[in-house]
Amino acid sequence: MNRAPIYGVAIIAALALAVPLLPLPAPVSMDVAHRLAGPSAQHWLGQDEFGRDVLSRLLWGARVSLSVALFSAAIACIVGTAFGVLGGFLRGIVEILTLRAVDVLLCFPPLLLALLVVTLAGPGATTLVPVLALVYLPGFTRVAYAGVLTARSQDYVEAMRVLGAGRLRIMLRTILPNIGGPVLVQISLSTASAVVLESGLSFLGLGVVPPAPSWGLMIGAARATMVQAPLLLLWPCLALTVTILAMNALCDALRDAVDPHPAWKPRLRRTVDALAPGLLPAPAGVLDVRDLTVAIDTPLGTIHPVRNISLYVEAGETLALVGESGSGKSMTSLAISGLLPQAARISSGTIRLSGTDLLRLLEPALRAIRGAAAAMIFQDPSSSLNPVHRIGAQIAEAIRAHRPNADAAAETLSLLRRVGIPDPERRARAYPHELSGGMRQRVMIAIAIANAPSLLIADEPTTALDVTIQAQILTLLADLQRERGIALLFITHSLPVVAEIADRVAVMYAGEIVETGRTADVFGAPKHPYTAALLKSAPDEDGPPPEGIPGIVPAPHALPPGCTFAPRCTHRTPDCDIARPPLADVEPGWQTRCVRWRTV
Amino acid sequence: MAWLARRFGISFVLIWVVASIVFLAIRFVPGDPAELLLSQGGAAPDPGAVAELREQLGLDRPVWSQYLGDLWRLAHFDLGRSMQDDSPVVEAISRRLPRTLELIAAAALMAVLIGIPAGTAAALRRGRLFDRLASAIAALALAVPIFVVGTLMVMLFAQTLRWVPAGGYVALARDPAQHLLLLAMPAVTIGLGLAAVVFRMTRAAVLDVMLRDYIRTAHAKGVAPSRVLRHHVVRNALMPVVTVLALHMGTLLGGTVLVEYVFNWPGLSGLLVSAVNARDYPEVVGIVLVISILFVGLNLLVDIIYGLIDPRVRR
Chain A
69 MNRAPIYGVA IIAALALAVP LLPLPAPVSM DVAHRLAGPS AQHWLGQDEF
119 GRDVLSRLLW GARVSLSVAL FSAAIACIVG TAFGVLGGFL RGIVEILTLR
169 AVDVLLCFPP LLLALLVVTL AGPGATTLVP VLALVYLPGF TRVAYAGVLT
219 ARSQDYVEAM RVLGAGRLRI MLRTILPNIG GPVLVQISLS TASAVVLESG
269 LSFLGLGVVP PAPSWGLMIG AARATMVQAP LLLLWPCLAL TVTILAMNAL
319 CDALRDAVDP HPAWKPRLRR TVDALAPGLL PAPAGVLDVR DLTVAIDTPL
369 GTIHPVRNIS LYVEAGETLA LVGESGSGKS MTSLAISGLL PQAARISSGT
419 IRLSGTDLLR LLEPALRAIR GAAAAMIFQD PSSSLNPVHR IGAQIAEAIR
469 AHRPNADAAA ETLSLLRRVG IPDPERRARA YPHELSGGMR QRVMIAIAIA
519 NAPSLLIADE PTTALDVTIQ AQILTLLADL QRERGIALLF ITHSLPVVAE
569 IADRVAVMYA GEIVETGRTA DVFGAPKHPY TAALLKSAPD EDGPPPEGIP
619 GIVPAPHALP PGCTFAPRCT HRTPDCDIAR PPLADVEPGW QTRCVRWRTV
Chain B
88 MAWLARRFGI SFVLIWVVAS IVFLAIRFVP GDPAELLLSQ GGAAPDPGAV
138 AELREQLGLD RPVWSQYLGD LWRLAHFDLG RSMQDDSPVV EAISRRLPRT
188 LELIAAAALM AVLIGIPAGT AAALRRGRLF DRLASAIAAL ALAVPIFVVG
238 TLMVMLFAQT LRWVPAGGYV ALARDPAQHL LLLAMPAVTI GLGLAAVVFR
288 MTRAAVLDVM LRDYIRTAHA KGVAPSRVLR HHVVRNALMP VVTVLALHMG
338 TLLGGTVLVE YVFNWPGLSG LLVSAVNARD YPEVVGIVLV ISILFVGLNL
388 LVDIIYGLID PRVRR
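As given, the protein sequences belong to chains A and B, one line each in that order. With my numbering, you'll find the first sequence wraps up at 668, consecutive numbering, no jumps. With my numbering, you'll find the second sequence wraps up at 402, consecutive numbering, no jumps.
It is worth saying that the hints were derived from the structure and are not from the lab. Even for Gly, the Cβ is constructed at its ideal location relative to N, Cα and C. Fair warning: there could be bad hints in the mix.
Claimed, not checked - Covered, in the sense of this in silico footprint (three residues per stretch, anywhere, with C-beta under 8 Å from a C-beta of chain A), are these stretches of chain B:
{"no.": "1", "region": "197-206"}
{"no.": "2", "region": "233-239"}
{"no.": "3", "region": "372-385"}
Claimed, not checked - In silico negatives: residues of chain A with every beta carbon more than 12 Å from chain B:
{"no.": "4", "residue": "G284"}
{"no.": "5", "residue": "R291"}
{"no.": "6", "residue": "L402"}
Unchecked claim - A few chain A positions that, by computed beta-carbon distances, are all more than 12 Å from chain B:
{"no.": "7", "residue": "I79"}
{"no.": "8", "residue": "A94"}
{"no.": "9", "residue": "A182"}
{"no.": "10", "residue": "P298"}
{"no.": "11", "residue": "L427"}
{"no.": "12", "residue": "R438"}
{"no.": "13", "residue": "G439"}
{"no.": "14", "residue": "A441"}
{"no.": "15", "residue": "S451"}
{"no.": "16", "residue": "L481"}
{"no.": "17", "residue": "E502"}
{"no.": "18", "residue": "A516"}
{"no.": "19", "residue": "H561"}
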């Protein structure tokens, strides 16, 4: 966390606290003979329109402003949080009463609410605190209510209830500490905002009552003598601005600390100079990936979620890339299509599409390939389509991006018909949310085949769909592939799907390919313990009950020195931990990264 | 269209609740309004005068009858008469309200014209010099209270440089050039802070939308980056920006108090301050009601704009 704003606010607060101890003239002692006098030895910042010491009034003003702001934020915090916690925890009538009351408060603009109360109760510091508390109360209620709703659905709160803990105890012990972070942020936001509102009300003569010092009052009074003594106006303006700047910075820092989204520094996406030399054998197939490694710079150091991946796909062939979540299979597909997130970059390797080295191309040339020669289908069709555009327009956009003169409207309709969407004229005018998940995935497929791709990368295209729809989508993909001779790279974690669709399979584990070969060979007699364990963990109607794999995938910044699967492997020997095993040939076209493949 | 009808229904209920709250606040505040009004300088007011004022304000009738009467008059746009000069409150409000709205509209226009392009540009150049510079300026603009900006602008542009008058108001019909000249400073004062808010919101929204799956799809289709930005990023990023802008404009309806005071702009908020100082209950209640109704109306407008931007809302 950035500490500078903490120190800034601490210094201001310390000054406000220590001001009675400082050898300053009283803030209200007048000296009319020296009104509007400039800075002097006794009065460092000069004297105001009644001859009072400006520095003293400035510091005493800080004390008034900050204490009013803090008190009101504290009251708003206690009452507002109590409302939110009670409403969220007790539900029913309490929830309706507290939350609706707060919603009504939000119908009034803050300054207006303050003015209304000041009208009814009269100005003065004693009115100011409850007024400001009322203004900031809704924020706390909202934050606390949201926090309780999240917390109460969590397992440990449920568990405490089952164990018979009293409601009050659950609230105090588990929920309050959990909403502490957001509430702390809310306190700092309210305090900063209360300083502004207090000074504004005082400026209008509706807040702190003279002769008590307040920055708002000082600015208001100095306006009258702006021409004779401009500095008189500048000092309180400066004090107010610096204080609020420091408090806002503290709010931002607190918010970042409470809500830690990793902030990666942007990097150039591809480093052309890190490429492997071109002394490679002739490329095989439509897609030929050699030795691909992806690097991500994180605060914990550089990690490599994809390491030395080599694979190829021929025309009309399907290669399945299989692995658990976090094995690096999606990262591999994004690297191939040049759509890696900003933080990630390809640190070595080559990717050839029909002989063209994609990593040597600049972005405009890559863009001409993307969506044309190489197309992609993503996992979640509901988030992959833009919610605000009609689906016909989204398909037509893919056509026009590569063939500006095509009759995109007519092609869109025939594509929709081809992917099995009934009544295409009407459906083309639908928005994504008006279609079912299966229909949306058919739209994504229509977009992918719009420009007759030679390579289609399908990243878990059926995972988000239910089983009957899955089968339909797989059939559609298989038909299209046969019909057009497409090379299909199919990424999935589902072994039954692999068995059904893939000619060859590559099994990924912790960023590496551990076994690759023809699907029938690999699934029939796996030569890597991970593949074997994966097959045993897949549910099968006729076979034995599925077995889980003990342990978890190692984190990418804490990989074991030897075989990455060794810590979870039942066939582990001391040899496994010495060095990273190379890919060994079982047969031509069938490789495994296990040193003991002959024996297991 | 059922969606629109429901939204209108909710807005009417909200206005009814707000009117009821204002009614209750006035009736149940400690002390009798009539006595409070007549007790100047601590002396006990004349009972006869109090009774007369109570009758004039309708305070002698039962509470429910007062409440229904108030609602009935509100439904007919009758907000009573000012206690200062006995003129209809509606008249004063309808004379002043357009001036305040003009101020807010000019500020919002400035905020949108600066904030949205700058926010988008900063998001696209995240972490670079432009982003850091613009973010720092926005942080400063957010930290300086609105009346400080106004006061310093008066000191600089009116007192020192003498480019513009320190404040005041001339009707547009009477002298268009002078009208715009007088509008400039208060509008810029409000616009600066608002532009900073719009900038921050746009920057965050664009950064968020750029990570969405459908943006990846657009890139995967091979669509040119400029088209991805215009057709896919900005339209989706506008949603939260519209909300924040509208909420702030609602806040400004009351928040222009300070700016109108600094620049001597005779808008609705100035009327409110003088009414508060004079304890003119009918006028305060009338203004608070009108502003709250506008606030609710603005939220309704946001929902309608939402429906135009995002088809999913129209259900």
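Hint-by-hint comparison with the structure:
no.	hint	result
1	197-206	violated (count 0)
2	233-239	holds (count 5)
3	372-385	holds (count 5)
4	G284	violated (8 Å)
5	R291	violated (6 Å)
6	L402	violated (8 Å)
7	I79	holds (16 Å)
8	A94	holds (26 Å)
9	A182	violated (9 Å)
10	P298	violated (6 Å)
11	L427	holds (17 Å)
12	R438	violated (4 Å)
13	G439	violated (3 Å)
14	A441	violated (9 Å)
15	S451	violated (4 Å)
16	L481	holds (18 Å)
17	E502	violated (8 Å)
18	A516	violated (8 Å)
19	H561	holds (18 Å)
Hints 1, 4, 5, 6, 9, 10, 12, 13, 14, 15, 17, 18 from the list above are not met by this structure, while the remaining hints are.
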